[in-house]
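Kindly produce the complete structure, drawing on both the sequences and the hints.
Here's the letter readout for the chains.
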Amino acid sequence: MNELLKLVHGVVNWGMDTAESMNAGVLIDASVFYALMWVSVLAALGVVLCRNVVHSALLLTASFIGVGCLYIYMDSPFIGAVQFLVYGGAVAILIVMALMLTRRDDMAHSNLSRSLFCQAGAAVISGAFFLCISVASLMTQFREMSAELGDSVTGLADMMLTKYILPFEVAAVLLLIAMIGALVIAKGAHES
Amino acid sequence: MAGTETYTLNMGPQHPSTHGVLRVQLELDGENILSAKPIMGYLHRGIEKLLESRTYVQGVPYTDRLDYVSSMNNNFGFCRAVEELAGIEVPERAEYIRVIVAELNRIASHLVFIGSLAIDLGASTGMLYTFRDREEILDLFNLVCGARMTFHYIRVGGVNRDVQPEFIEKTYKFLEHVPVFMEEYKKILLGNEIFMSRLKGISKMSKETALSHNMTGPNIRATGIPYDIRKVDGYSVYPRFDFNVVTGKNGDNWDRFNVRYNEIFESAKIVRQALDGLPEGPFMAKVPKVLRPPKGEVFSRTEGTRGELGFYIVSDGSTKPYRVHIRRPSFVNMQGLNDMCRGYLIGDSVAAFSAIDPLMGEVDC
Amino acid sequence: MENLTVGAAAEWIRSVILLILGNELLTDVVMKFVGLGACIGVILTAAIVLTYAERKVCAFMQVRLGPNRVGGRFGLLQPIADMLKLMSKEDIIPDGCDRIVWALSPMLLFVPSALIYGLFPFDEGVVFADVNVGVFLLLAISSQSVLPFLMGGYASNSKYAFIGGMRTVAQMLSYEAPMVFSLLGVVMITGSMRMTDIVAAQAENVWFVLLQPIAFIIFIISATAETNRTPFDLVEDESEIVAGPFAEYSGMRWALFFLAEYANLLSISILTTTFFLGGWHGPFLPGVFWFWMKVLFMVFVFMWFRWTFPRTRIDQMLSFSWKVLLPLALVNMMFTGIGVYVWRSMM
Amino acid sequence: MKTYIGADALALLKEKFHSVEYNTEEAKPAVYVPADELLQLLSFLRDEMGFTRMENVTSVDYKTYFEMVYHLFAWKTLDTCQDVPDENVWITVKVKLDHEHPVIPSVTSVFSSAEFEEREVFDLMGIDFTGHPDLRRILLWEGFSGHPLRKDYKQAAPPFVERITRRGH
Numbered sequence: 001m002n003e004l005l006k007l008v009h010g011v012v013n014w015g016m017d018t019a020e021s022m023n024a025g026v027l028i029d030a031s032v033f034y035a036l037m038w039v040s041v042l043a044a045l046g047v048v049l050c051r052n053v054v055h056s057a058l059l060l061t062a063s064f065i066g067v068g069c070l071y072i073y074m075d076s077p078f079i080g081a082v083q084f085l086v087y088g089g090a091v092a093i094l095i096v097m098a099l100m101l102t103r104r105d106d107m108a109h110s111n112l113s114r115s116l117f118c119q120a121g122a123a124v125i126s127g128a129f130f131l132c133i134s135v136a137s138l139m140t141q142f143r144e145m146s147a148e149l150g151d152s153v154t155g156l157a158d159m160m161l162t163k164y165i166l167p168f169e170v171a172a173v174l175l176l177i178a179m180i181g182a183l184v185i186a187k188g189a190h191e192s
Numbered sequence: 001m002a003g004t005e006t007y008t009l010n011m012g013p014q015h016p017s018t019h020g021v022l023r024v025q026l027e028l029d030g031e032n033i034l035s036a037k038p039i040m041g042y043l044h045r046g047i048e049k050l051l052e053s054r055t056y057v058q059g060v061p062y063t064d065r066l067d068y069v070s071s072m073n074n075n076f077g078f079c080r081a082v083e084e085l086a087g088i089e090v091p092e093r094a095e096y097i098r099v100i101v102a103e104l105n106r107i108a109s110h111l112v113f114i115g116s117l118a119i120d121l122g123a124s125t126g127m128l129y130t131f132r133d134r135e136e137i138l139d140l141f142n143l144v145c146g147a148r149m150t151f152h153y154i155r156v157g158g159v160n161r162d163v164q165p166e167f168i169e170k171t172y173k174f175l176e177h178v179p180v181f182m183e184e185y186k187k188i189l190l191g192n193e194i195f196m197s198r199l200k201g202i203s204k205m206s207k208e209t210a211l212s213h214n215m216t217g218p219n220i221r222a223t224g225i226p227y228d229i230r231k232v233d234g235y236s237v238y239p240r241f242d243f244n245v246v247t248g249k250n251g252d253n254w255d256r257f258n259v260r261y262n263e264i265f266e267s268a269k270i271v272r273q274a275l276d277g278l279p280e281g282p283f284m285a286k287v288p289k290v291l292r293p294p295k296g297e298v299f300s301r302t303e304g305t306r307g308e309l310g311f312y313i314v315s316d317g318s319t320k321p322y323r324v325h326i327r328r329p330s331f332v333n334m335q336g337l338n339d340m341c342r343g344y345l346i347g348d349s350v351a352a353f354s355a356i357d358p359l360m361g362e363v364d365c
Numbered sequence: 001m002e003n004l005t006v007g008a009a010a011e012w013i014r015s016v017i018l019l020i021l022g023n024e025l026l027t028d029v030v031m032k033f034v035g036l037g038a039c040i041g042v043i044l045t046a047a048i049v050l051t052y053a054e055r056k057v058c059a060f061m062q063v064r065l066g067p068n069r070v071g072g073r074f075g076l077l078q079p080i081a082d083m084l085k086l087m088s089k090e091d092i093i094p095d096g097c098d099r100i101v102w103a104l105s106p107m108l109l110f111v112p113s114a115l116i117y118g119l120f121p122f123d124e125g126v127v128f129a130d131v132n133v134g135v136f137l138l139l140a141i142s143s144q145s146v147l148p149f150l151m152g153g154y155a156s157n158s159k160y161a162f163i164g165g166m167r168t169v170a171q172m173l174s175y176e177a178p179m180v181f182s183l184l185g186v187v188m189i190t191g192s193m194r195m196t197d198i199v200a201a202q203a204e205n206v207w208f209v210l211l212q213p214i215a216f217i218i219f220i221i222s223a224t225a226e227t228n229r230t231p232f233d234l235v236e237d238e239s240e241i242v243a244g245p246f247a248e249y250s251g252m253r254w255a256l257f258f259l260a261e262y263a264n265l266l267s268i269s270i271l272t273t274t275f276f277l278g279g280w281h282g283p284f285l286p287g288v289f290w291f292w293m294k295v296l297f298m299v300f301v302f303m304w305f306r307w308t309f310p311r312t313r314i315d316q317m318l319s320f321s322w323k324v325l326l327p328l329a330l331v332n333m334m335f336t337g338i339g340v341y342v343w344r345s346m347m
Numbered sequence: 001m002k003t004y005i006g007a008d009a010l011a012l013l014k015e016k017f018h019s020v021e022y023n024t025e026e027a028k029p030a031v032y033v034p035a036d037e038l039l040q041l042l043s044f045l046r047d048e049m050g051f052t053r054m055e056n057v058t059s060v061d062y063k064t065y066f067e068m069v070y071h072l073f074a075w076k077t078l079d080t081c082q083d084v085p086d087e088n089v090w091i092t093v094k095v096k097l098d099h100e101h102p103v104i105p106s107v108t109s110v111f112s113s114a115e116f117e118e119r120e121v122f123d124l125m126g127i128d129f130t131g132h133p134d135l136r137r138i139l140l141w142e143g144f145s146g147h148p149l150r151k152d153y154k155q156a157a158p159p160f161v162e163r164i165t166r167r168g169h
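Those protein sequence lines, which keep their order, are chains A, B, C and D. The letter at position 84 of the first sequence is residue 84 when you use UniProt numbering, and the numbering goes up by one with no holes. The letter at position 165 of the second sequence is residue 165 when you use UniProt numbering, and the numbering goes up by one with no holes. The letter at position 30 of the third sequence is residue 30 when you use UniProt numbering, and the numbering goes up by one with no holes. The letter at position 88 of the fourth sequence is residue 88 when you use UniProt numbering, and the numbering goes up by one with no holes.
Bear in mind the hints are in silico, worked out from the structure with no lab data behind them. There may be inaccurate statements among the hints.
What the hints assert, rightly or not - Capping the alpha-carbon separation at 30 Å, the derived lysine-lysine pairs in DSBU-like fashion look like this: (1) B:Lys286 <-> D:Lys2; (2) C:Lys32 <-> C:Lys56; (3) C:Lys323 <-> B:Lys186; (4) B:Lys49 <-> D:Lys14; (5) B:Lys269 <-> B:Lys186; (6) D:Lys16 <-> B:Lys320; (7) D:Lys154 <-> B:Lys295; (8) A:Lys187 <-> C:Lys56; (9) D:Lys154 <-> D:Lys28; (10) B:Lys204 <-> B:Lys186; (11) B:Lys187 <-> B:Lys249; (12) B:Lys320 <-> D:Lys28; (13) D:Lys2 <-> B:Lys295; (14) D:Lys16 <-> B:Lys49; (15) B:Lys49 <-> D:Lys96; (16) D:Lys94 <-> D:Lys63; (17) B:Lys37 <-> B:Lys49; (18) C:Lys159 <-> C:Lys85; (19) C:Lys56 <-> B:Lys186; (20) D:Lys63 <-> D:Lys28; (21) D:Lys28 <-> B:Lys289; (22) A:Lys6 <-> C:Lys32; (23) B:Lys320 <-> D:Lys94; (24) B:Lys269 <-> B:Lys289; (25) B:Lys204 <-> C:Lys159; (26) D:Lys94 <-> D:Lys28; (27) D:Lys96 <-> B:Lys286; (28) C:Lys323 <-> B:Lys187.
Structure below.
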């Protein structure tokens with residue numbers, strides 16, 4: 001029995017040593033990151049390439065959730081939860097539901113025009129957008145999160161309710177107006 | 001801007017809440033019902049045609065299969081029609097026994113109604129309770145005729161056999177039990193806020209609409225019209241008993257429910273009076289072995305549990321009826337379904353199916 | 001007594017694994033998987049126990065016996081029989097359905113239901129992931145179960161399923177709001193969104209059900225709605241839309257929906273226990289006993305609702321959420337805020 | 001109590017509608033009316049004589065001719081009757097129809113409640129109703145041929161359905 005245990009210990013220790021020498025911690029971290037990244041990116045690609053618009057919308061949700069997981073993986077669960085709740089839980093559902101409720105003759109080919117002209121136009125626009133974003137993010141000097149913020153939630157709360165209270169409230173009012181406007185429009189459509 | 005579109009939903013014939021094989025074609029705008037079209041005939045067995053090839057006495061068991069929840073009332077109606085046609089005088093004791101079993105069956109049928117309404121509104125526990133108590137009545141019938149579902153107890157000229165003292169004793173016991181279980185339903189169903197809000201003000205029907213659809217039974221009484229054949233025609237020995245015609249006020253589902261709920265008490269009252277005054281004597285009139293009613297025709301109606309049950313029989317003087325037509329209350333009541341559903345939600349349509357209380361065996365005949 | 005805690009059990013498992021592996025780091029990694037397995041084990045056990053419990057509770061309410069043939073007088077093996085039945089059933093694929101979406105729906109539905117078990121504190125120190133935004137993350141994850149319902153409803157190519165899917169969205173989105181706001185009261189008193197902190201705060205003072213009775217009621221009601229149980233089971237409403245999104249599923253796929261439903265039932269009971277009933281705390285007995293006693297009591301309460309109430313109508317249900325529960329939750333939150341402020345300035 | 005319409009009321013009817021016929025010998029004579037005067041008679045009965053309830057609509061096949069049968073009831077005190085069992089008069093109206101092409105005006109314009117019953121008669125007896133809002137088969141399915149309640153109806157042989165066996169033949 002003891003012999004067997006010793007053998008197992010030996011194998012385990014050898015394995016751990018090898019893993020350490022190969023920098024396994026970093027490797028695992030990176031592989032998880034890349035896995036989540038690929039999920040998001042492939043889902044996003046699927047949004048563009050799918051022929052069925054409902055599938056596109058569902059893949060959009062997958063992409064949102066992948067990004068949310070990335071946030072959580074990068075130690076900011078609050079942002080991740082917000083991503084889940086707002087994008088995965090509300091925005092995506094509304095998009096999917098709106099698409100499902102709209103009837104088409106053939107759901108399998110319901111995505112937008114697939115002519116070469118449209119595709120080229122889309123490629124140019126998205127390429128330009130991608131360029132802008134990447135330039136912007138490359139040129140920005142990212143700072144380490146300052147230690148004084150402490151716990152990310154309380155830090156966020158402090159900032160939002162003191163320093164940035166005005167923009168916060170303005171955004172809230174704006175959303176409220178948008179909501180009421182949407183209600184009014186929807187009501188009008190129903191009556192006509 | 002693109003408009004919205006309506007769509008058709010076929011509720012039934014296989015659907016948990018259409019009470020058998022009824023199919024209702026709902027025209028829907030979202031969850032709002034624009035129209036409801038009942039489509040029936042899935043249980044059509046041609047009983048009217050079958051009765052033409054049977055003798056009058058052989059025809060009685062077929063009526064059991066019409067409204068199989070209240071077979072006694074159907075037997076009663078058919079036998080009354082045949083007796084009227086053949087001029088048979090039914091002994092008093094038989095009439096009393098008939099009234100007793102018919103009213104007991106009415107209670108049983110209304111209990112099924114309460115239970116099925118409860119389960120359609122999601123309160124499946126309510127159904128189990130009513131079926132538990134209906135079981136007592138079925139046991140009584142088992143005692144009196146040996147059957148629990150299709151009795152064939154009321155025969156042309158009287159009843160199949162006399163009631164035993166044990167039956168009378170147990171029926172008294174059951175009548176004492178009636179207020180007890182009714183109190184229980186009050187607790188679990190009537191007092192429930194959700195139950196109330198699901199029924200009050202839903203499927204409202206005015207007196208005029210109910211009359212124009214020729215609705216009968218609890219459905220018309222719920223609108224406030226005291227139309228009860230037992231009172232209006234005063235057939236059999238009903239005029240001797242003291243009972244009220246229960247009516248509603250608003251003609252909504254709540255009233256339809258309440259009318260049936262309170263009718264149980266009235267029926268219990270009739271049964272008690274009939275038991276108290278049960279006369280001695282024969283339970284069967286002298287009916288010739290081969291019944292040949294004289295040439296002629298008859299339209300006889302009785303108050304079934306679901307409304308006015310009419311039998312139109314044409315005799316050509318032979319042993320078999322020339323033509324039998326059955327005026328089934330459920331069938332005629334179905335005309336009101338559209339009015340009861342239109343403008344309400346899918347959830348209300350289920351309550352409306354229940355409240356109209358159709359029995360497909362009767363609708364399709 | 002000390003040895004009866006879950007923590008002690010975990011320590012013991014850890015020591016065994018350590019003995020076998022002989023490496024601290026690897027043992028920690030393995031222990032994470034043991035924790036995962038325990039969470040899944042809780043869900044699967046719950047599905048078995050709760051199906052049996054539901055049948056028995058239902059039978060108790062409905063004056064009948066319930067399962068009494070399979071496995072002795074009390075029908076103890078009934079869940080196993082049910083499981084075998086479900087597994088051996090034919091997998092019917094409806095004609096004209098959106099195959100991929102249809103097949104994914106039950107699996108995806110199970111994911112959020114199972115995932116939130118990682119955030120529950122079962123006992124002193126027994127929590128898979130003690131996140132500092134636990135409450136928030138939990139609500140976020142549980143909100144993800146809307147989409148699978150919608151997918152199932154859409155892909156089944158059936159109008160009943162589709163209506164069910166639409167109802168899910170309306171129902172879950174409207175009841176999420178009062179649920180969140182009712183929990184905010186608890187979070188404000190505790191001053192933390194960490195689940196263990198909330199439990200600890202109740203151990204120090206009183207259970208939050210006493211401090212936040214209105215929030216407790218709102219939470220119970222909206223949790224019932226979130227898990228689609230009577231009186232708010234309009235999604236699977238068998239008397240109107242047959243079974244809603246599940247109408248076209250059979251066999252194991254349906255069993256997954258079923259499993260998710262019971263996982264959700266247990267998780268809302270655990271949530272109620274954690275937020276309002278003091279978690280694992282209680283005198284005399286080890287924490288794990290208290291915890292499961294409270295949870296099972298809550299499960300019983302939810303079953304009680306299910307078997308005694310009729311079902312509401314969709315418009316009544318939505319207006320109840322927006323016109324009654326949400327304002328009530330907001331008012332409750334305001335008063336809690338004032339109370340917390342006054343309390344802190346007094347201290 | 002249920003009573004049949006009195007002799008003087010019938011005489012009044014005869015006076016109003018000359019084509020109306022009834023057998024004075026019988027105790028409860030049915031009123032025969034030609035098809036084209038049916039609607040006038042029914043509106044008269046409803047509006048002037050208080051026969052507001054069309055309780056029963058049916059038909060009989062007498063091999064050489066069809067007979068439509070209407071049972072009407074006059075329930076005088078529609079709203080007030082609570083406990084007093086009151087007069088309840090009824091009348092049978094009949095229409096004889098040709099056996100080859102039975103056509104009759106629909107009474108739904110006078111008694112809208114007859115809609116389903118007329119559909120039933122159309123379905124099972126094959127009598128055509130002109131002016132009916134929605135004349136379709138009601139109990140039998142659309143593709144059914146024949147009208148089963150006719151005396152000369154012969155049931156068609158059940159269609160031969162090849163038996164499906166496990167081997168596929």
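These are the hints, each one checked on the structure:
1. B:Lys286 <-> D:Lys2: Satisfied, since the Cα-Cα distance of roughly 26 Å is no more than 30 Å.
2. C:Lys32 <-> C:Lys56: violated, 36 Å
3. C:Lys323 <-> B:Lys186: holds, 29 Å
4. B:Lys49 <-> D:Lys14: Violated, at about 35 Å.
5. B:Lys269 <-> B:Lys186: holds, 19 Å
6. D:Lys16 <-> B:Lys320: Since the Cα atoms of D:Lys16 and B:Lys320 sit roughly 38 Å apart, the hinted pair is violated (cutoff 30 Å).
7. D:Lys154 <-> B:Lys295: holds, 26 Å
8. A:Lys187 <-> C:Lys56: violated, 47 Å
9. D:Lys154 <-> D:Lys28: violated, 34 Å
10. B:Lys204 <-> B:Lys186: Status holds; Cα separation ~23 Å.
11. B:Lys187 <-> B:Lys249: holds, 23 Å
12. B:Lys320 <-> D:Lys28: holds, 22 Å
13. D:Lys2 <-> B:Lys295: Roughly 22 Å between the alpha carbons, so the hint for D:Lys2 and B:Lys295 holds.
14. D:Lys16 <-> B:Lys49: Violated, because 38 Å separates the two Cα atoms, which is more than 30 Å.
15. B:Lys49 <-> D:Lys96: holds, 21 Å
16. D:Lys94 <-> D:Lys63: holds, 16 Å
17. B:Lys37 <-> B:Lys49: Given pair B:Lys37, B:Lys49 holds - Cα atoms ~27 Å apart, limit 30 Å.
18. C:Lys159 <-> C:Lys85: holds, 27 Å
19. C:Lys56 <-> B:Lys186: holds, 24 Å
20. D:Lys63 <-> D:Lys28: The given pair, whose Cα atoms are some 24 Å apart, holds under the 30 Å limit.
21. D:Lys28 <-> B:Lys289: holds, 28 Å
22. A:Lys6 <-> C:Lys32: Holds - the C-alpha atoms of C:Lys32 and A:Lys6 are around 24 Å apart, at most 30 Å.
23. B:Lys320 <-> D:Lys94: Given pair B:Lys320, D:Lys94 holds - Cα atoms ~23 Å apart, limit 30 Å.
24. B:Lys269 <-> B:Lys289: violated, 36 Å
25. B:Lys204 <-> C:Lys159: holds, 27 Å
26. D:Lys94 <-> D:Lys28: Since the Cα atoms of D:Lys94 and D:Lys28 sit roughly 13 Å apart, the hinted pair holds (cutoff 30 Å).
27. D:Lys96 <-> B:Lys286: violated, 37 Å
28. C:Lys323 <-> B:Lys187: holds, 28 Å
Violated hints, in rising order: 2, 4, 6, 8, 9, 14, 24, 27; the structure is consistent with all others.
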